Amino acid sequence: MSRTLEKFSIKVDFPVYCAGFTPSGEVLLGGGGGPGNTGVNNKLVLFKCKLSEKTLEQVVEVILNKEEDRPTCIAIHNEDNIFACGINSTAEKINHGSNNNCRIFEYSNENTNEDDYQKVAAFTQDGKLLATGGTDSKLAVLKYPSLDVAFPPVNFSKQEIYDLDFDSTGNQVVRIDCKMFLLSSFGCFREILENSFNKKWACRFGKGTSAGFFYTVVNMTSISRTFLVKWNATTFERCSTKVIGKRRITTFTISDNGKLLGYGASDHSIGICDSLTLKVLLIVPNVHGFPPTTIAFNHDSTLVVSGSADNSVHIIQLPETFNTGGLQLIIILIVTLIVLYYIFYQTLSNF
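Each residue of the sequence shown is one higher than the one before, starting from 0 at the first, in numbering that gives the first Met the number 0.
The hints are simulated quantities; they were obtained by calculation from the structure and are not laboratory data. All values reported here derive from a predicted model rather than from experimental measurement. Treat the hints with care, as some may be off.
[Claimed, not checked] Calculated lysine-lysine pairs in the DSBU-like style (CA-CA distance at most 30 Å, straight line):
hint	residue 1	residue 2
1	LYS92	LYS137
2	LYS206	LYS245
3	LYS245	LYS258
4	LYS118	LYS92
5	LYS241	LYS278
6	LYS6	LYS258
7	LYS258	LYS53
8	LYS65	LYS92
9	LYS10	LYS53
[As the list claims (entries may be wrong)] Simulated restraints, written as ranges between beta carbons of each label pair:
hint	residue 1	residue 2	range
10	GLU190	LYS10	43 to 53 Å
11	GLY169	ARG189	14 to 24 Å
12	LEU332	SER107	50 to 60 Å
13	GLU190	SER97	30 to 40 Å
14	GLU5	VAL338	32 to 42 Å
The C-beta atom is built at its ideal place from N, Cα and C for all residues, glycine as well.
Using the sequences plus the hints, can you model the full thing?
Below you can see the structure in the form of structure tokens.
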């Protein structure tokens, strides 16, 4: 039986700021009201996705410290039952220079435990390295599972890190800030492209069929356009650019097979693009009441989860094939030819 497009939404009791699928297909959500918001808890919740019933069944929930920040990002290990989560410490600790904002959690169907030790986080594909970065301008690369530093953390002088990602080899990590993005190879950083415009960026390296490419989302502040750019991941020469809309992209990801790119936009929609052509394959409008804050594919690239600060979570089952509009065009052409033939025949009959 062929797979068709299916989707559903549910409401949760907290604003959602990060989401992901575990290797076995559970949905992990993080979010909350932030520091001092006694009415809305900060929490991490694991759900079982019941697609046939169009619902998420809660498996386990962890209530986090109300004085600390909400979870802002999640990176899930490809094999082990652990994930990294960005959670800023209390304002008092941050003011004293002690912000334990990268936390490692272990999860199961019965319990979830925190191991002490922030905005963005990413694992290498083999799960041996973890990179973290955020608003404090610091980028750290840790070894997993020891959490020893792979090389000394780097401070980028008040340049907020918007996004980061590893390439398929794990030897290179690109970080993006408000001015440029930089390449690190075994701890040596160099500028690979200057961001000469006032833009907001997101990035992902290609995987599987798209390995060897690097993708960036560029939100222009001077004009109402958003660009998706495909780069050669070795030379960092631009391969192609595509305008994918007029609304700002608020979250961005790539599927594990490397064939699909997913994004959420400020008009509350979710979009899916082809990683080869950058063509928009699917747009689902008005998925959330607020702009999506997080998006992720499951590991076989059949489902997409998204979340938003309006307490909503949306699940989309992707079709096996996407209708790119070719059939409609053929039908329109056929109908047009029939109409023209009819008009031509009626004209001849009048003579």
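Hint-by-hint comparison with the structure:
Proximity of LYS92 to LYS137 is assessed by CA-CA distance (about 17 Å); at most 30 Å being required, the pair is judged to hold. Note on LYS206 and LYS245: the hinted pairing holds, with a Cα-Cα distance of about 27 Å set against a maximum of 30 Å. With a CA separation close to 24 Å, the supplied pair LYS245 and LYS258 stays within the 30 Å bound. A hinted pair counts as satisfied when its Cα atoms are at most 30 Å apart, and LYS118 with LYS92 qualifies at roughly 17 Å.
The straight-line distance between the Cα atoms of LYS241 and LYS278 is roughly 8 Å, inside the 30 Å bound, and the hint therefore holds. Under the criterion of a C-alpha separation no larger than 30 Å, the hint pairing LYS6 with LYS258 is consistent with the structure, at around 20 Å. Of the pairs offered as hints, the one joining LYS258 and LYS53 holds, with about 26 Å between alpha carbons and a cut-off of 30 Å not exceeded. The straight-line distance between the Cα atoms of LYS65 and LYS92 is roughly 14 Å, inside the 30 Å bound, and the hint therefore holds.
Among the hinted pairs, LYS10 with LYS53 is consistent with the structure: their alpha-carbon atoms are about 12 Å apart, no more than 30 Å. For the hinted restraint 43 to 53 Å between GLU190 and LYS10, the CB-CB distance of approximately 44 Å keeps it satisfied. Remark: the range hint 14 to 24 Å for GLY169 to ARG189 is upheld by a beta-carbon distance near 18 Å. The beta-carbon spacing between LEU332 and SER107, approximately 56 Å, falls within the hinted interval of 50 to 60 Å.
Checking the proposed 30 to 40 Å range against GLU190 and SER97 shows it holds: the Cβ atoms sit about 31 Å from each other. Between GLU5 and VAL338 the C-beta distance comes to about 36 Å, which sits within the given range of 32 to 42 Å.
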